[in-house]
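Peer 1: Spelled out, the chains give:
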Amino acid sequence: MSNPASSTLKVTTPSDREILMTRAFDAPRDLVFEAWTKPEHVRHWWGWRSSTMVHCEAEVRPGGSWRYVTREENGVEVPFTGVYQEVTPPERLVHTEIYDVEPFNSGDPAVTTVTFHEEDGRTTVTVTTIYPTKEVRDMVLGSGMEVGAAESYDRLAERLASLV
Amino acid sequence: MSTDRLSSIFSALADPTRRAIVARLASGEASVGELSQPFQMSKPGISKHLKVLERAGLIAKTREAQWRLCRLEAAPLREVADWMEPYRRFWDESFGRLDERLRQMKEEKEKKDV
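Line by line, the protein sequences are chains W and X.
Heads up: the first sequence at position 146 corresponds to 146 in my numbering, and the numbers run straight through without jumps.
Heads up: the second sequence at position 98 corresponds to 1098 in my numbering, and the numbers run straight through without jumps.
Isolated chain X (complex conformation):
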């Protein structure tokens, strides 16, 4: 995946409203009207956010009869997750060892307290 594409995905996700939209779409398709409901935002305001998400490939619009529905595209999210995986793994592994260390520390403390 090109860095530019990653950049556009990251900047699309670097906004709380857009993350909320992505989270909402994770539970199923929705219309622009439905998506604007939880936010105090006009439909054009929401449409702007949707455009950013669409450009990053995170969502797609489908046409069903005269309704325009938005749906989540999973692939870019997957790509970001894969790209971040080594970083996550470094910490996951370190924290797994921290778990072990804490277990030992708890045991030693209990022995002392007895």
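This is chain W alone, in the form it adopts within the complex:
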């Protein structure tokens, strides 16, 4: 018997240059694919709870580009951008990914592969990102996506609330 796909996010590092994430969603994959790629949906979920999406566009076809920019509570804008290399709805996406801030946007981009696997109406999404170097990968992992204290305080408050 197979275990039901887990809604718990798993993050692992299968090699020196990769980050692998797995997460299941309680929806069929055509819906998950749509929510994953279309800006009208992406703007509702990408980023921290405290982020504001200020720019969200995606041309979801091979050679098309995407750009998501959030503004954090401290006023800092966090821009991510890239180009789609492969688009196979509702199964698979391959796209490049750049944190579009100097000096991070001068090197080779990371390449992300996303797969959508449906079983019993649930969809497991696997996201593999390969970074140009181990140093870049480690920076991304250790940075917390450049967002700092504001979110930690929220979390602390939540934790405290759950203890009461």
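Read the hints as simulated data drawn from the structure, not as lab findings.
Just to be clear, a hint being listed does not mean it is correct.
Restricting the straight-line Cα-Cα distance to at most 27 Å, the calculated cross-link-like pairs of lysine-lysine (BS3-like) are [what the hints assert, rightly or not]:
id, chain 1, residue 1, chain 2, residue 2
1, X, LYS1048, W, LYS134
2, X, LYS1106, W, LYS38
3, W, LYS10, W, LYS38
4, X, LYS1061, X, LYS1043
Fair warning: this is a prediction, and the values are worked out from it, not measured in the lab.
Let chain W serve as the given structure and place chain X on it in line with the hints.
Peer 2: Okay, now just chain X, sitting in the frame of chain W:
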């Protein structure tokens, strides 16, 4: 934790055999012989992997009578998990919101289908 130490932990874990050894040791101590069994690998081959894991502080060898047993050291794994926590949290939070979005999309679809 210093970056060098993190690097050695990461590179130690960036190998499927070594990850399998760590997973095996998570369920209890084992001898080198026991650890080499699931792999088609000689004892010296396994010993090389164990040395890498030991240098990264991920495992320790204990001596019990004349047997040498390996055991998992949890602290470095914990440190890596802590260090990665903000990244994990960013995605965990985003995916939590994606869950909500998908619920809304399902409801809208059902309404349309009726």
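Peer 1: If a hint holds in the structure, say so; if it does not, say that too.
Peer 2: Here's how the hints hold up against the structure:
1. The hinted pair formed by X/LYS1048 and W/LYS134 meets the criterion: a straight-line CA distance of about 23 Å does not exceed 27 Å.
2. Distance check on the hinted pair: X/LYS1106 and W/LYS38 sit about 15 Å apart at the alpha-carbon level, within 27 Å; holds.
3. Proximity of W/LYS10 to W/LYS38 is assessed by CA-CA distance (about 24 Å); at most 27 Å being required, the pair is judged to hold.
4. Taken as a hint, the X/LYS1061 and X/LYS1043 pair is honoured in the structure, with Cα atoms around 15 Å apart against an allowance of 27 Å.
Against the hints set out earlier in the document, no violation occurs for any number.
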